[in-house]
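Asker: These protein sequences, in sequence, are chains A and B.
Residue numbers are given in our numbering: position 95 of the first sequence equals residue 95, and the series is strictly consecutive.
Residue numbers are given in our numbering: position 81 of the second sequence equals residue 292, and the series is strictly consecutive.
Source of the hints: derived by calculation from the structure; they are not laboratory data.
Any given hint could turn out to be false.
[Claimed, not checked] Pulled a few chain B residues facing chain A out of the computed Cβ check, cut under 8 Å:
(1) ASN368
(2) ILE373
(3) ILE412
Using N, Cα and C, we set each Cβ at its ideal position, and we do this for glycine too.
There are 2 protein chains.
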Amino acid sequence: MTPETDKRGRPVLFVLSAASGTGKTTVAREVEARVPGLFYSVSATTRARRPWEKDGVDYHFVTREVFRAWLEHGNLLEWAEVYGEYYGTPRKPVMEALKDGRDVLLDLDVVGKRKLQALFPGQVVSIFLFPPSLEVLRERLITRGVESGKLEIRIQNALREIEGAQEYDYWIVNDQLEEAVEALASIVRAERQRSYRFPRIPLQRSAEVGA
Amino acid sequence: MTPETDKRGRPVLFVLSAASGTGKTTVAREVEARVPGLFYSVSATTRARRPWEKDGVDYHFVTREVFRAWLEHGNLLEWAEVYGEYYGTPRKPVMEALKDGRDVLLDLDVVGKRKLQALFPGQVVSIFLFPPSLEVLRERLITRGVESGKLEIRIQNALREIEGAQEYDYWIVNDQLEEAVEALASIVRAERQRSYRFPRIPLQRSAEVGA
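Could you put together the complete structure from these sequences and hints?
Answerer: Structure, rendered in structure tokens:
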């Protein structure tokens with residue numbers, strides 16, 4: 001236990017969920033850059049990289065063989081198959097960050113969030129990010145090159161994901177990027193100050209020392 | 212209900228408690244200046260003003276007659292008698308701020324906090340501010356002109372107040388002022404995003420509009 005844990009609680013796992021097209025990765029990366037001691041966990045996937053995505057930034061893009069080998073070796077904290085493609089969270093970086101006393105920010109869907117809560121009871125804080133409106137979400141999906149024939153399916157998927165928001169601790173509307181970033185950064189900073197995360201009342205130890 | 216409540220929850224009452232000499236008022240005032248939509252409630256007291264205190268800033272300094280008249284007219288949200296002096300929270304400014312959709316920050320002891328929780332169930336968030344050590348607290352009390360004969364009594368009082376910290380939602384150690392201010396500001400911003408404070412899921416209404 002580092003001396004720092006006397007001033008803030010033990011590490012927290014922050015799960016950020018949002019419908020595709022909400023701007024989740026942009027918000028998460030900006031918060032990671034702004035808040036010291038926060039590690040952003042990049043998921044792995046077997047699905048094809050989209051033109052605007054970067055390997056190791058948006059996802060670790062891996063083959064099905066690599067993903068299956070990781071599964072066999074227990075290298076994934078949680079994983080899921082969605083429309084025939086695999087998605088998962090590499091275990092090692094997350095465990096190392098927690099061991100170092102850093103908080104972890106993970107980009108997961110509602111099922112992934114539930115798995116994490118089962119693995120780390122009492123240590124998971126969940127945040128759901130909303131687009132400001134369905135109209136804006138539709139525009140963002142068009143900008144990302146989603147074909148008009150698939151647009152309504154994507155919107156319906158988004159509405160289904162948003163149903164899951166009921167079970168999240170915090171809600172943020174991504175209307176102005178800067179406000180959404182500051183809201184998420186504040187949630188990270190605030191949760192570090194939760195009294196039940198501290199190993200003891202801060203001053204009691206020094207009271208003993210002073211006695 | 213303002214449109215704003217679709218993006219953040221309903222107003223919150225933040226109670227900040229600390230032993231005398233911890234720097235509570237400095238932190239509270241700086242947070243009020245930094246966070247829009249936050250109103251700092253100045254308590255009223257019958258005790259004598261200390262040389263470094265400002266009327267209307269640290270307290271509203273009033274006579275016993277005025278205080279008793281306020282009591283009779285129900286003008287105080289909560290009040291207490293401590294060592295023969297009265298302390299209380301003027302009701303009107305707090306109720307008006309809440310009505311305007313502003314959050315309120317109150318400087319109360321643990322008994323005042325409990326009264327507020329009874330008056331506003333589910334709307335109170337409590338924060339306890341610690342001095343970095345008893346040695347620092349002792350120095351600060353000396354700087355404030357506390358006589359050496361009374362110093363140990365004040366330290367014992369501080370330790371008794373700190374026992375009450377157990378029942379607070381958040382703990383902040385006031386080691387570096389800027390860090391303590393940022394921690395409290397973050398708690399205010401984060402609590403506004405709590406999902407259970409929102410009247411509804413943000414996007415559902417616009418889903419209906421778009422349908």
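Asker: Taking the hints in turn, state whether each one holds.
Answerer: We went through each hint and held it up to the structure:
no.: 1; hint: ASN368; in the structure: violated (13 Å)
no.: 2; hint: ILE373; in the structure: holds (5 Å)
no.: 3; hint: ILE412; in the structure: holds (6 Å)
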